[in-house]
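Asks: Listed below are the residues making up each chain.
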Amino acid sequence: MLDIMPIMKSLWRNKTGPLLIILQLSLTIAVVSTALFVVSERIAKIERPSGLVEKELFKLWMRKNTPELDMEQIVERDMEIIRATPGVIGATPISSLPLSGGGSSSSLYINPDNKLADFPTAIYEMTDHALPTLGLTLIEGRNFNANEVNFFAQENTPEQIVVIITRHLAEKMFPNESSVGKTVYMGNAQLTIIGVVDRLMGPWPDSDFETSATILPEIMKDNAINYLVRTNSAQRDEIMLAVVEKLREIDSTRLIVDEKSVEQIKRETYTSDYAMIKILSFVIFLLTFVNALGIFGLTTFWVTQRRKHIGIRRALGSTKAGVMRYFMLENATLVLCSAIIGSVIAYVNSSYMARTQGMELLRIEYVLITVIFILLVTLLAAYSPVRKAAQISPVEAVSNV
Amino acid sequence: MLKMQSVKKIYRTDMIETHALRDFNLEVKEGEFVAVTGPSGSGKTTFLNIAGLLETFEEGQYWLDGNDVSRLNDNIRSKLRNEKIGFIFQGFNLISDLNIFDNVDVPLRYRGFSSAERKKRIINALEMVGLAARARHLPSQLSGGQQQRVAIARALAGEPKFLLADEPTGNLDSLMARQVMDMLEDINKNGMTVVMVTHDPDLARRAHRNIQIVDGQVTDFKIYESYVDSTHNSDAAGKKVAENTI
Amino acid sequence: MWKYYLRLSLHSLRNTPVLSLLMVLAIATGIAANLTILTMHSVVSSNPMAHKNDRIFAVQLNAWDPEREYFALNAIPPQVTYQDAKALYDAHLADETVIMRKAGLTIQLPESTELPSAHATRMTTRDFFSMFDVQFIYGGPWGKNTDDGPEYAVVLSEGMNNKFFKGENSLGQTILMDGELFTVVGVISDKWQLVPNVYDLNNLPFEAAADAYIPFFFSAAKPYQGWGNYQNWSDENIRNHQEFLQSETVWIQAWVSLNSAEKRQEFTQFLENYISTQKEQGRFKRSPGYQLNTPQEWLNINKVVSKDNNQLLMISFVFLMICLVNSTVLMLAKFLRKAPEAGIRRALGASRHSIFFQHLTEAFIVGVAGALLGLLLSLGGLAAVRALYSNYENVAVFNGVTVVAAIFLALLASLLSGFLPAWRISHAAPAKYLKTQ
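Taken in sequence, the protein lines are chains A, B and C.
Residue numbering for the first sequence follows our numbering, starting at 6 and increasing by one per position.
Residue numbering for the second sequence follows our numbering, starting at 1318 and increasing by one per position.
Residue numbering for the third sequence follows our numbering, starting at 64 and increasing by one per position.
Please keep in mind that the hints were generated in silico from the structure rather than gathered at the bench.
Watch out, some of these pointers could steer you wrong.
Restraint-style ranges between C-beta atoms, simulated for each label pair [to be verified]:
id	chain 1	residue 1	chain 2	residue 2	range
1	A	E77	C	N300	40 to 48 Å
2	C	L69	A	T276	55 to 63 Å
3	B	D1391	A	I345	49 to 57 Å
4	A	Q269	C	S323	49 to 57 Å
5	B	H1336	A	L321	29 to 37 Å
By construction, the Cβ of each residue, glycine as well, lies at the ideal position given by its N, Cα and C atoms.
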């Protein structure tokens, strides 16, 4: 008894109401499917692995206040103390932090005379402790040796440097061969690639080169630097406070500030993405709510308006279930029409966005999921009033008042 | 008061054309109490709607209180309805969530009377039908007969030119029916023209004159006379027999 | 007559409490979402220097890489080199010239035992304070000679003044900044916040104003911890601060005010001459050589209004539409249910207009109630937005736009959701509903 045509004809006869509902549901389907898509895109963006063992890491910023003491000495002393702290697995000074939104970048060239073929990359200055501290996976070549680590003053900027790069960068620069042993150029310096790690993101997650990074064992002696520390994840936050305390004890004139976990760095950098996810999720919730209430109110009204119609059906032999099926089918018909129109609206909008703003095109799964979801919501919202409709007795058909 | 000449009303749907009234002629003089009768589907309802300016018609003319109201727009018709016609319906048609006072008030609001004027008229009208004490009650708190009396008050409050009653006692038991009919007769004795549509011949006999509609036209008189003669009710029979006027 | 309609409408709404509530809620939700996003968007897209939009300009100089254009914005670097900034300042041609940068300095009271802390410090020339209408609660900007010295003067924010001097008049007091003693000459009210901070859009457009201000030329004397951006396209070897100052590194923001057409003419002439001279030395090989941007243009170039902002704005309007359609449907249902009453009124002499306006009044009440509730809910919405975005304290705030928008939306909602239903019921043929015969 899936006769949609009579239902459609009867809806068409009194078309204002149904047309309005179709408008409402179409727009809802368009918005919800787009919102779902954006939410899932953002979640995927946030969940991109940074390459770090995020749960085990924290950082702090150190700025010395003692011009007489050499930065290298200070850092090495601090590192010894930090590494000796119980619970600490590793520590390294680091120029800037992945995903933090701030840091340094540069361009690498394969051919010093061809500046136009450049490979942008994030630059990290770290020590030989970098790989074990960050939890990076070496897939080719080797780690730095302790004697390759060099603290340099600005006037003695080194020109021959060994580096470790990420796989993506290696694949871009040397597509079908190993990059280990190759030489590339950065400014006036010559970089020799000694190792490749699987993955390490740069400081700017939205940039074009977010997975290209170059690690240098050369640390410029400035007044300030970051420390990145790895601990076991259960005690990380306590150890962070303990380490900060201890470093301040050693020298209270300097700044030990801005300590935070890597997860917090990520949360802060992705603030607008998290916000978007939350706002859009709330919008989806509100729309569901508004539509459900609307369908509930409307169906209740329709049922009372059509008491006689329902009574006649029952008098002519329809079962209670038959009445329910009729109204549920009516609802489903409306949803189906709305689904078609809503998808068209969603796609038109999406392709406009794709063309003008360079966004991704909406994928069909999201529309399908949305349609099924809205169908369930409307059927559920209509259930109670429809069940009441089924209780209407055939006597209504003959009553005259 | 009311004169219709060669009125023709056609209802059209996609498939069918129904001639509800064809070459319909009727005249009601001021102060008359006229009953319009006929079987189901004869066109009584259409006549009522047209007489009450609720519907327009295709051909013919309609004069109301000396004015040609045949081709007026909706706004003017509404105004005339408001000022000149007092409706009384079979189902009373009171507004269920307004109290009696507010119900009688409705047509007066569209008249533009001041608040004081409206109040005066409403109280007068309710006193005339003996329901002034129930002014603040809701229709559901009144019996059928009382509701119809309220409807009469509502119809009278605006001092219309004539009353148009559609089966006024159809939903009432015989006692209440009699009260309502007595009231209508009294109102008519005081000079109000009354046009009453009914299919009940006993009721029709209480009017001065009966006009019968069959198939959209006023039929001739002869058939009607014998119909009247064959009734048995002696109370109602005290009424005048229908005149030979069409 | 409208008083009668009002009475009838209130009566009618009271008789269907659940339905009326649903309608009001639907409209309120739509309006609340719209107001929240609209408020946010209006601030994000606002120009706090609109009143001077034709007079002040962000200066861009294009001494970038001859082989490729600057990789972002409008293909011209947003900051200038030290050489170029100094040339602008020394010319003293514009009505006001501002060169500045953001640095992080350790600030402490002399002989304090408190832990030192690092604070955002704007190192700028004095015209900054007049150009950007800075409001002082004590004192004022330093004098001209202070800039040239540079002399050890500092302007603090009210927050800093509260922290170090308990909020009292601290003029004349001294404070240590990166180990050197500076004298307080002014304190800026915390109410002065440009939202967005158009004068420096390199980092976060909505971050709070700086904690302290010292004369720019201290940056020439020695390197400070930069908290802004440094960019350099060339391969020059920079071995010390002197070489840094002479390099092609861009790290300074430059603004000028030009109050008349003649002044603008003079200034652009000066720039063109300067650029030709520099070209002879091998610089400024790109074109255009310079660009002057009004605050509005600067905001646009820096894309302060993000794609997300725009997408949310659009979604909020569609959301409102959905809520309005929902309300229309419910209103239509309600009115049609009462069609018999409308029929009776028509029979008793009400014109179509009268029925129309009677029902439009009912829609109007629902719309106004919905807007009021929506306005209230939007306060919650704005609070939620502030919690979601770390530096939107000044962005997601109830302001005049919110209220005006609410009024406008109330009217729109009432009209849109009420028109169709009111029209439908006023045009229903009364005879159909009169239960005649």
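Asks: Now look at each hint and say whether the structure bears it out.
Replies: We went through each hint and held it up to the structure:
no.	hint	verdict
1	E77(A) <-> N300(C): 40 to 48 Å	21 Å, violated
2	L69(C) <-> T276(A): 55 to 63 Å	48 Å, violated
3	D1391(B) <-> I345(A): 49 to 57 Å	39 Å, violated
4	Q269(A) <-> S323(C): 49 to 57 Å	51 Å, holds
5	H1336(B) <-> L321(A): 29 to 37 Å	32 Å, holds
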